[in-house]
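A.B. asks: As a plain string of letters, each chain reads:
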Amino acid sequence: MSDNVTMRIWRGDPEGGEFTDYVLPNVEGEVVLDVIHRIQATDAPDLACRWNCKAGKCGSCSAEINGKPRLMCMTRMDTLPEGAAVTVAPMKTFPIIRDLVTDVSFNYEVAKTVPAFKPGPEPEGGFRMQQIDVERSQEFRKCIECFMCQDVCHVIRDHEENKPKYAGPRFFIRFAELEMHPLDVNDRRELAREGAGLGMCNITKCCTEVCPEHIKITDNAIIPMKERVVDAHYDPVAWLGRKILKRTKKTAQEAAAG
Amino acid sequence: MAEYTTHDYDVVIIGAGGSGLRAAIEAKERGLRVAVVCKSLLGKAHTVMAEGGMAASMGHVWPEDNWQVHFRDTMRGGKMLNNWRMAQIHAMEAPDRVYELERWGALFDRTQDGRINQRDFGGHRYARLAHVGDRTGLELIRTLQQKVVSMDTDVFMECKILKLLPDSEGRISGAVGYMRPTGEMVVFTAKAFILATGSIGKSWTYTSNSWESVGDGHAMAIWAGADVIDMECVQFHPTGMVWPLSVRGILVTEGVRGDGGVLRNSDGKRFMFDYIADMFKAETAKTEEEADRWYDDHINNGRTPDLLPRDEVARAINSEVKAGRGTPHGGVYLDIASRRTPEYIRRRLPSMYHQFMELAGVDITSTPMEVGPTCHYMMGGVRVDPETQAATVPGLFAIGEVSGGMHGANRLGGNSLSDLIVFGRRAGIGAADFAEARTGTPTVDAGEIEAAINAAFAPFGREGGGNPYDVQHELQATMQALVGIIRTGSELEEALVKLEEFKERTSTLTVKGGLAYNPGWNLATDLPSMVTTSIAVAQGALNRKESRGGHTREDFPGPDPEMGKVNFVQRQTAAHGYMAPITIQPEPLPEMPPELRALLEEAH
Numbered sequence: 006m007s008d009n010v011t012m013r014i015w016r017g018d019p020e021g022g023e024f025t026d027y028v029l030p031n032v033e034g035e036v037v038l039d040v041i042h043r044i045q046a047t048d049a050p051d052l053a054c055r056w057n058c059k060a061g062k063c064g065s066c067s068a069e070i071n072g073k074p075r076l077m078c079m080t081r082m083d084t085l086p087e088g089a090a091v092t093v094a095p096m097k098t099f100p101i102i103r104d105l106v107t108d109v110s111f112n113y114e115v116a117k118t119v120p121a122f123k124p125g126p127e128p129e130g131g132f133r134m135q136q137i138d139v140e141r142s143q144e145f146r147k148c149i150e151c152f153m154c155q156d157v158c159h160v161i162r163d164h165e166e167n168k169p170k171y172a173g174p175r176f177f178i179r180f181a182e183l184e185m186h187p188l189d190v191n192d193r194r195e196l197a198r199e200g201a202g203l204g205m206c207n208i209t210k211c212c213t214e215v216c217p218e219h220i221k222i223t224d225n226a227i228i229p230m231k232e233r234v235v236d237a238h239y240d241p242v243a244w245l246g247r248k249i250l251k252r253t254k255k256t257a258q259e260a261a262a263g
Numbered sequence: 028m029a030e031y032t033t034h035d036y037d038v039v040i041i042g043a044g045g046s047g048l049r050a051a052i053e054a055k056e057r058g059l060r061v062a063v064v065c066k067s068l069l070g071k072a073h074t075v076m077a078e079g080g081m082a083a084s085m086g087h088v089w090p091e092d093n094w095q096v097h098f099r100d101t102m103r104g105g106k107m108l109n110n111w112r113m114a115q116i117h118a119m120e121a122p123d124r125v126y127e128l129e130r131w132g133a134l135f136d137r138t139q140d141g142r143i144n145q146r147d148f149g150g151h152r153y154a155r156l157a158h159v160g161d162r163t164g165l166e167l168i169r170t171l172q173q174k175v176v177s178m179d180t181d182v183f184m185e186c187k188i189l190k191l192l193p194d195s196e197g198r199i200s201g202a203v204g205y206m207r208p209t210g211e212m213v214v215f216t217a218k219a220f221i222l223a224t225g226s227i228g229k230s231w232t233y234t235s236n237s238w239e240s241v242g243d244g245h246a247m248a249i250w251a252g253a254d255v256i257d258m259e260c261v262q263f264h265p266t267g268m269v270w271p272l273s274v275r276g277i278l279v280t281e282g283v284r285g286d287g288g289v290l291r292n293s294d295g296k297r298f299m300f301d302y303i304a305d306m307f308k309a310e311t312a313k314t315e316e317e318a319d320r321w322y323d324d325h326i327n328n329g330r331t332p333d334l335l336p337r338d339e340v341a342r343a344i345n346s347e348v349k350a351g352r353g354t355p356h357g358g359v360y361l362d363i364a365s366r367r368t369p370e371y372i373r374r375r376l377p378s379m380y381h382q383f384m385e386l387a388g389v390d391i392t393s394t395p396m397e398v399g400p401t402c403h404y405m406m407g408g409v410r411v412d413p414e415t416q417a418a419t420v421p422g423l424f425a426i427g428e429v430s431g432g433m434h435g436a437n438r439l440g441g442n443s444l445s446d447l448i449v450f451g452r453r454a455g456i457g458a459a460d461f462a463e464a465r466t467g468t469p470t471v472d473a474g475e476i477e478a479a480i481n482a483a484f485a486p487f488g489r490e491g492g493g494n495p496y497d498v499q500h501e502l503q504a505t506m507q508a509l510v511g512i513i514r515t516g517s518e519l520e521e522a523l524v525k526l527e528e529f530k531e532r533t534s535t536l537t538v539k540g541g542l543a544y545n546p547g548w549n550l551a552t553d554l555p556s557m558v559t560t561s562i563a564v565a566q567g568a569l570n571r572k573e574s575r576g577g578h579t580r581e582d583f584p585g586p587d588p589e590m591g592k593v594n595f596v597q598r599q600t601a602a603h604g605y606m607a608p609i610t611i612q613p614e615p616l617p618e619m620p621p622e623l624r625a626l627l628e629e630a631h
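Heads up: the sequence lines are chains A and B, in that order.
So that you can map any letter, position 239 of the first sequence is 244 in the working numbering, and since no number is skipped, the others follow by simple counting.
So that you can map any letter, position 394 of the second sequence is 421 in the working numbering, and since no number is skipped, the others follow by simple counting.
These are computed hints drawn from the structure, not numbers from a lab.
Where is the CB? At the ideal position from N, CA and C, for every residue including glycine.
Accuracy of the hints is not assured; some may be wrong.
[To be verified] Listed next, the stretches of chain A that the computed footprint assigns to chain B, with coverage defined by at least 3 CB atoms under 8 angstroms from CB atoms of chain B:
1) 36 to 45
2) 54 to 66
3) 100 to 114
4) 120 to 129
5) 139 to 147
[Said to hold, decoys possible] Just some of the chain B residues that point at chain A, by a computed CB distance under 8 angstroms:
6) Leu68
7) Leu69
8) Val75
9) Gly132
10) Val159
11) Arg169
12) Ser177
13) Pro208
14) Leu272
15) Ser273
16) Lys308
17) Ile456
18) Met606
[To be verified] Just some of the chain A residues that point at chain B, by a computed CB distance under 10 angstroms:
19) Pro50
20) Gln136
21) Leu188
22) Glu214
23) Glu218
Turn these sequences into a full structure, and let the hints guide you.
C.D. replies: Dropping the structure here:
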């Protein structure tokens with residue numbers, strides 16, 4: 006283990022910024038966030054970064070470490086190339102507030118557009134569900150909202166103009182979670198297609214690769230949702246069925262309306 | 028004149044963890060104008076750290092379970108210092124609150140017959156914790172967050188509240204703070220305020236708490252003239268990580284022991300059998316064989332002593348390490364690897380597996396964990412009306428860790444998440460009732476707003492003052508050394524002298540940089556909360572001349588029956604505010620009705 010470590014940290018605000026080097030003693034067992042905290046306590050008390058739990062459970066401390074989106078609290082220094090400076094930059098997809106802190110309000114705005122969970126009538130003695138049936142949605146509910154899947158998604162990473170019509174991977178798993186929830190009776194397939202831009206995802210799996218919770222975003226959420234949307238929207242029999250038969254599920258618009 | 032934006036509501040909730048969000052739902056359902064104000068982003072509150080589950084006597088695994096047994100377990104776990112009515116309400120209402128979460132979309136793990144599964148935890152007679160693997164807190168906060176968002180509730184994220192302000196009649200009517208991304212000052216006026224700001228645990232060096240847990244709610248309530256009780260009752264969780272040093276204090280869920288893990292010392296001995304207090308002898312296993320049979324047969328066997336209440340286990344670990352039977356890094360071993368299959372461990376405890384693998388390079392399916400006590404939970408807090416969570420100052424309500432009484436001298440694992448939803452709902456109702464009944468427009472004194480803003484900005488212009496980080500580290504070292512898990516009178520007196528000095532030092536800080544997202548400045552504004560709550564803890568600890576629950580005095584090693592009949596109540600009487608003294612006196616506990624007392628005396 007070398008004696009010192011060089012941290013190359015992006016400092017700046019919406020007007021612009023640059024990387025600044027900080028050289029500190031190397032301490033065994035530290036994660037990137039520990040080193041950031043030592044810089045705050047000594048050289049740069051105003052170095053802005055978000056963090057809360059420091060245990061990979063809250064998803065606050067997302068940053069791009071050596072160019073890759075990662076949680077600072079779960080990235081051990083001794084897993085990074087020794088001897089080279091460690092670069093830490095803010096997530097690129099979101100507007101800068103200051104230093105490593107970005108304005109992630111895009112995600113909170115999208116969250117408001119997802120029609121809420123709505124259970125069917127509750128049977129006498131309460132709901133019953135089998136473990137195997139809840140596990141599909143439980144996988145998506147592991148999401149800690151670190152927004153790194155959003156950060157790495159090239160549909161919005163380099164295309165600001167796509168944001169108004171694209172919800173992004175975090176919300177595709179939210180749609181999938183609700184769609185596969187054994188009790189939910191809202192139908193969000195049309196909304197996922199039209200409003201959320203599910204069709205714009207071309208399944209490069211970048212989101213899956215960066216997910217710190219190892220959620221199989223593409224395989225288990227996006228692809229099944231694409232299939233369900235196709236079934237609902239383009240199947241002529243289903244189309245005719247919608248026209249003729251009484252629907253048991255609400256449409257997305259009705260769901261969105263309440 | 029200081030500049031600020033004013034927002035007016037009926038009910039303002041400060042804090043967006045489980046209790047704050049649950050309160051918001053209730054107040055919002057009444058059709059009131061409700062705002063949630065939180066110091067971090069929505070969904071990041073400390074509730075996400077809760078792992079094991081929420082306790083509710085639904086009886087899905089053991090039909091013998093009911094609210095009476097849960098009440099009894101809670102009171103005994105709290106060493107009888109609990110407010111009996113809060114413990115009763117909690118035990119009675121917890122099942123309904125859990126079922127309600129399911130109606131809002133929560134997906135708990137299931138039993139074979141498709142109902143909500145329940146797991147064993149320390150101090151609970153029956154398997155009682157509804158859970159989702161070891162990420163139950165995340166499930167709770169996400170369910171409530173999504174419900175709050177679907178109700179179109181106003182949320183002010185990354186907003187630090189500095190101070191509560193009364194109207195001319197003494198009703199809490201305003202709160203002044205700032206938006207962390209910009210440093211812009213804000214004032215909230217409302218008919219009722221609910222404090223839901225969480226713990227005080229950041230004042231210790233080794234803690235499971237995040238930067239947010241500085242005791243903002245406790246401190247603001249004290250400065251506003253409200254009573255606080257049981258401030259000496261701080262829970263040190265027995266199992267925090269001890270190595271590497273940088274992760275020391277991060278929580279290792281009690282679920283590890285609930286699912287079969289056992290504590291061993293460096294000799295490989297299951298030492299908890301040597302630490303069974305008389306109070307728990309009847310219900311605890313006497314041999315390892317009996318303890319191992321208990322997992323499958325709770326009726327005919329005593330519980331494993333690894334699952335004694337947290338205060339008992341934390342003290343035992345402390346004693347083992349002191350006696351030289353600790354691990355190389357100063358903890359003890361928590362072993363589930365030799366007792367359960369790797370598949371079982373990964374399925375039941377996925378985030379523990381992940382946490383040790385990533386942070387310590389330890390595979391818990393093959394290697395024992397090293398663990399030791401870490402500051403975890405605040406039992407003490409604002410004295411509240413058990414029915415409504417109203418504080419002793421009108422217009423003010425407190426919930427979760429900000430309120431005191433529910434957990435007495437020691438909280439049982441799993442009783443925290445259920446506390447949040449039971450009393451979050453009740454506070455929402457209480458605050459809504461108060462707001463609807465309150466007449467007139469809430470008004471606060473502009474001079475007080477101005478003074479609070481000027482105090483917050485003062486460190487920017489000051490030359491030569493202390494660095495907030497240095498002061499925080501020294502405060503933490505003081506509390507860790509002198510007001511830690513084992514306390515003595517002389518050290519507590521020394522701590523109180525030092526804490527008075529910290530009052531001065533935090534009033535002369537110097538901060539560099541600008542207003543926008545400046546952590547150094549943010550810390551400078553958090554320090555007064557840390558110092559005030561630390562003083563209250565040390566004063567309480569000095570006055571409680573006995574050992575009870577989370578409060579252990581080396582110079583008074585046993586419980587004192589007379590001390591067990593009182594709460595130590597602290598408040599600011601003559602003058603209010605950060606620099607004003609806090610008085611302390613014992614007051615008798617509320618009298619428990621005989622039918623409830625009878626429940627406590629039953630053997631099981």
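A.B. asks: All hints are to be evaluated individually against the structure, with a verdict given for each.
C.D. replies: Results of checking the hints against the structure:
{"no.": "1", "hint": "36 to 45", "result": "holds (count 3)"}
{"no.": "2", "hint": "54 to 66", "result": "holds (count 12)"}
{"no.": "3", "hint": "100 to 114", "result": "holds (count 7)"}
{"no.": "4", "hint": "120 to 129", "result": "holds (count 4)"}
{"no.": "5", "hint": "139 to 147", "result": "holds (count 5)"}
{"no.": "6", "hint": "Leu68", "result": "holds (7 angstroms)"}
{"no.": "7", "hint": "Leu69", "result": "holds (7 angstroms)"}
{"no.": "8", "hint": "Val75", "result": "holds (5 angstroms)"}
{"no.": "9", "hint": "Gly132", "result": "holds (3 angstroms)"}
{"no.": "10", "hint": "Val159", "result": "holds (7 angstroms)"}
{"no.": "11", "hint": "Arg169", "result": "holds (6 angstroms)"}
{"no.": "12", "hint": "Ser177", "result": "holds (4 angstroms)"}
{"no.": "13", "hint": "Pro208", "result": "holds (5 angstroms)"}
{"no.": "14", "hint": "Leu272", "result": "holds (6 angstroms)"}
{"no.": "15", "hint": "Ser273", "result": "holds (4 angstroms)"}
{"no.": "16", "hint": "Lys308", "result": "violated (36 angstroms)"}
{"no.": "17", "hint": "Ile456", "result": "violated (22 angstroms)"}
{"no.": "18", "hint": "Met606", "result": "violated (25 angstroms)"}
{"no.": "19", "hint": "Pro50", "result": "holds (3 angstroms)"}
{"no.": "20", "hint": "Gln136", "result": "holds (4 angstroms)"}
{"no.": "21", "hint": "Leu188", "result": "holds (8 angstroms)"}
{"no.": "22", "hint": "Glu214", "result": "violated (17 angstroms)"}
{"no.": "23", "hint": "Glu218", "result": "holds (9 angstroms)"}
In summary, the numbered hints that this structure violates are 16, 17, 18, 22.
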